[in-house]
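First to last, the protein sequences are chains A and B.
Heads up: the first sequence begins at 1 in the numbering used here, then just goes up one per residue.
Heads up: the second sequence begins at 253 in the numbering used here, then just goes up one per residue.
Rather than coming from a laboratory, the hints here were simulated on the basis of the structure.
Just so it is clear, the structure is predicted and the values come from calculations on it, not from any experiment.
Don't take every hint at face value.
Said to hold, decoys possible - Every beta carbon over 12 angstroms from chain B, so not counted as near; a handful from chain A, in silico: (1) Arg11; (2) Leu14; (3) Glu15; (4) Thr21; (5) Leu25; (6) Lys34; (7) Leu77; (8) Ser78; (9) Val90; (10) Phe105; (11) Val135; (12) Tyr153; (13) Pro160; (14) Thr176.
Unchecked claim - Among the chain B residues that face chain A by a calculated CB cut under 7 angstroms, a handful are: (15) Cys405; (16) His406; (17) Leu492.
C-beta atoms are modelled at their ideal positions from N, C-alpha and C, and glycine is treated no differently.
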Amino acid sequence: MSRTYIRFTPRQRLEHAAMMTVFTLLVVTGLPQKFFEASLSVWILDLLGGVDRARWIHRACGLAFTGLALLHVGWVLSDVLRGRAGLSMVPTRKDFTDAVVTLRFYLGVSNEQTRFDRFDYRQKFEYWGLILGSVVVILTGLILLWPVTVATYLPGEVIPAAKVAHSNEGLLAFLTIAVWHIYNAHFNPDVFPFDTTIFTGRISEERMHHEHPLELERILHGPGGTHGTPGAPHDLEPGAPPAPGNGGDRRA
Amino acid sequence: MLVAFILALTVQAAPDAATRIDQIDTCLTCHGDETLEVTLENGDTQSLFISHEVFARSVHGDKLSCVDCHTDMVEIPHETRAFSSRREISLAYYEQCKRCHFQNYAKTLDSVHDTALARGDTTAPLCVDCHGAHDVAPPNQPRTRISQTCASCHAGVSAVFARSVHGRALVDTGSADVPTCTDCHRSHDVAGPHAGNWIDRTPELCASCHADTPLMEKYGLSTLVHQTYLTDFHGVTARLRRSDRDRDQPVIARCTDCHGVHDIMKVDDPESPVIRANLVKTCQRCHADATENFPAAWLSHYEPTWERAPLVAAVTLAYKFLIPFMMGGLILQILLHVWRVVVNR
Numbered sequence: 001m002s003r004t005y006i007r008f009t010p011r012q013r014l015e016h017a018a019m020m021t022v023f024t025l026l027v028v029t030g031l032p033q034k035f036f037e038a039s040l041s042v043w044i045l046d047l048l049g050g051v052d053r054a055r056w057i058h059r060a061c062g063l064a065f066t067g068l069a070l071l072h073v074g075w076v077l078s079d080v081l082r083g084r085a086g087l088s089m090v091p092t093r094k095d096f097t098d099a100v101v102t103l104r105f106y107l108g109v110s111n112e113q114t115r116f117d118r119f120d121y122r123q124k125f126e127y128w129g130l131i132l133g134s135v136v137v138i139l140t141g142l143i144l145l146w147p148v149t150v151a152t153y154l155p156g157e158v159i160p161a162a163k164v165a166h167s168n169e170g171l172l173a174f175l176t177i178a179v180w181h182i183y184n185a186h187f188n189p190d191v192f193p194f195d196t197t198i199f200t201g202r203i204s205e206e207r208m209h210h211e212h213p214l215e216l217e218r219i220l221h222g223p224g225g226t227h228g229t230p231g232a233p234h235d236l237e238p239g240a241p242p243a244p245g246n247g248g249d250r251r252a
Numbered sequence: 253m254l255v256a257f258i259l260a261l262t263v264q265a266a267p268d269a270a271t272r273i274d275q276i277d278t279c280l281t282c283h284g285d286e287t288l289e290v291t292l293e294n295g296d297t298q299s300l301f302i303s304h305e306v307f308a309r310s311v312h313g314d315k316l317s318c319v320d321c322h323t324d325m326v327e328i329p330h331e332t333r334a335f336s337s338r339r340e341i342s343l344a345y346y347e348q349c350k351r352c353h354f355q356n357y358a359k360t361l362d363s364v365h366d367t368a369l370a371r372g373d374t375t376a377p378l379c380v381d382c383h384g385a386h387d388v389a390p391p392n393q394p395r396t397r398i399s400q401t402c403a404s405c406h407a408g409v410s411a412v413f414a415r416s417v418h419g420r421a422l423v424d425t426g427s428a429d430v431p432t433c434t435d436c437h438r439s440h441d442v443a444g445p446h447a448g449n450w451i452d453r454t455p456e457l458c459a460s461c462h463a464d465t466p467l468m469e470k471y472g473l474s475t476l477v478h479q480t481y482l483t484d485f486h487g488v489t490a491r492l493r494r495s496d497r498d499r500d501q502p503v504i505a506r507c508t509d510c511h512g513v514h515d516i517m518k519v520d521d522p523e524s525p526v527i528r529a530n531l532v533k534t535c536q537r538c539h540a541d542a543t544e545n546f547p548a549a550w551l552s553h554y555e556p557t558w559e560r561a562p563l564v565a566a567v568t569l570a571y572k573f574l575i576p577f578m579m580g581g582l583i584l585q586i587l588l589h590v591w592r593v594v595v596n597r
């Protein structure tokens, strides 16, 4: 049995599962409202017990989504401040050069391949896209939830503008997940049919070697390694239980 | 027997004019007397006089004779009928019209009027209450006659209608372009707001004129009112609420909730509930705490153009670029990745 590394803590796995559930419900109850003319939308809304109940679910999930987002920010800040996690998700200059090198490789222009750290530029792009998108849908969602209150302080036109932004941002998020995320987590030949890491928390050594060589080196040789990002501790949480059989591989 | 059969045939076939006038004259031997009247059990006095002139001027004047409707009068003198009130007489003859006008009679069975009648409300209108009895005239000539007919019972609502933009145009100019009572409520299968899907159908009802481009152009009105409503939050909700399960949900604004019902005003009339000065109050009917800024949340049936709603237009435009740009880029990278994997194999 090949060695595995712990990539995600139980809390992170739970966060993903909760976010996935809430996001799915938001999409199922939200998109039929945007595409209200489609017969599929009418069918879905009927199935949910009508547009009013769908809206009720959407609002409840929206508030849950907001809660999850705030919790996430809180956890990340607290982890970083307490030195339990690094800034591995922060975009660096290397991400831009990585993107260029990778695209040149994809296009067949060059054979040079880049070596990624804990998160590659695509994962960072998706993460920050989700963060920015969340800010937009949360703010506009709150405007739409309390239009009368909002119009007490802001011009009324903010409300229809928020509606346009909310539904379009929701659509963009759905498309990104449906196309980009599902490709990377399922149809990508490297992981097909299912990248289980976010659910089990574990990633194989082969994949670490292939997809996150810099992080692997850091784990094996410590932060002073030639390819490590100086000063940035890796994200493996010291408090997390070691994977059976490879506890020694983790930097404690 | 044979004679009786031939006689029956003659009666069934349309009587020639002379026979018909003979029949009428036979009845008028007695009923041509202006003083002929009878006092009923409840004290009502019922005149039994029939003016030949009035009947001749009616739509039936050159078609029917007395016994076509009074089918039970088969001998002279006919036997005394025991009616206790004038209303009872009308009710007794109510079903006579359907012998010829079955389609319209059948429609009345679906009307609010028939529902009232079935409930035992004998004041509910019967055919003759709207059309008249011996003096039946085309009910819509002139067109103003329709609302006057309804006004004989619905005086209050009729007076309100007469002051509305539709009512004024109808009364002042006799315009055939504005709705009168029956255009919305129908004539025989008369329905009102208590009818099952009446409120649901409001936008369609208004759209039957307000989405009619040639008609609206005549008055410089926009036909976008219907489309913009249907794609706005209120309209989308109203549209999706069609399923019965949502019926107990709170009201969602339909045309009449903002513009009024019988009292619809021109949108620039100082009394109009949708003129800017009155709009907050109108919004407050549903959005109790609405403030001065709130009405601007409603784009007033306008498309969000740069002039009308620059913020909405800007956000719309931004996403028109952002979504294809993002998705294009991501899909391109996926395709490149797949291609590279295939090539490297």
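Decide, holds or violated, for the assertion that all CB atoms of chain B are farther than 12 angstroms from the CB of Leu14 of chain A.
Leu14 of chain A is indeed farther than 12 angstroms from all Cβ atoms of chain B, at 27 angstroms.
Verdict on Lys34 of chain A as a residue remote from chain B, using beta-carbon distances over 12 angstroms:
Per Cβ check, Lys34 of chain A is inside 12 angstroms of chain B; nearest 9 angstroms; violated.
Closest C-beta approach of His406 of chain B to chain A relative to 7 angstroms, hint status
Since chain A brings no Cβ nearer than about 34 angstroms to His406 of chain B, farther than 7 angstroms, the hint is violated.
Looking at Phe105 of chain A again, its CB stays over 12 angstroms from all of chain B?
7 angstroms, violated
Does Thr176 of chain A clear chain B by more than 12 angstroms, comparing its Cβ with all Cβ atoms of that chain?
7 angstroms, violated
So is Arg11 of chain A really clear of chain B, every C-beta pair being over 12 angstroms apart?
Given that every Cβ of chain B is farther than 12 angstroms from that of Arg11 of chain A, nearest at about 28 angstroms, it holds.
Does the no-contact call for Ser78 of chain A survive, Cβ to all of chain B over 12 angstroms?
Per Cβ check, Ser78 of chain A is outside 12 angstroms of chain B; nearest 31 angstroms; holds.
For the hint on Leu492 of chain B, just tell me whether its beta-carbon gets within less than 7 angstroms of chain A.
4 angstroms, holds
Decide, holds or violated, for the assertion that all CB atoms of chain B are farther than 12 angstroms from the CB of Pro160 of chain A.
5 angstroms, violated
Would you assess whether Leu25 of chain A, listed as outside the interface, keeps its beta-carbon beyond 12 angstroms of every beta-carbon in chain B?
18 angstroms, holds
Beyond 12 angstroms from each Cβ of chain B, as asserted for Thr21 of chain A:
24 angstroms, holds
Say whether it holds or is violated: Leu77 of chain A keeps its Cβ farther than 12 angstroms from all Cβ of chain B.
For Leu77 of chain A, whose nearest Cβ neighbour in chain B is about 28 angstroms away, the distance exceeds 12 angstroms, so it holds.
In summary, the structure is inconsistent with hints 6, 10, 12, 13, 14, 15, 16 from the numbered list given earlier, while agreeing with the others.
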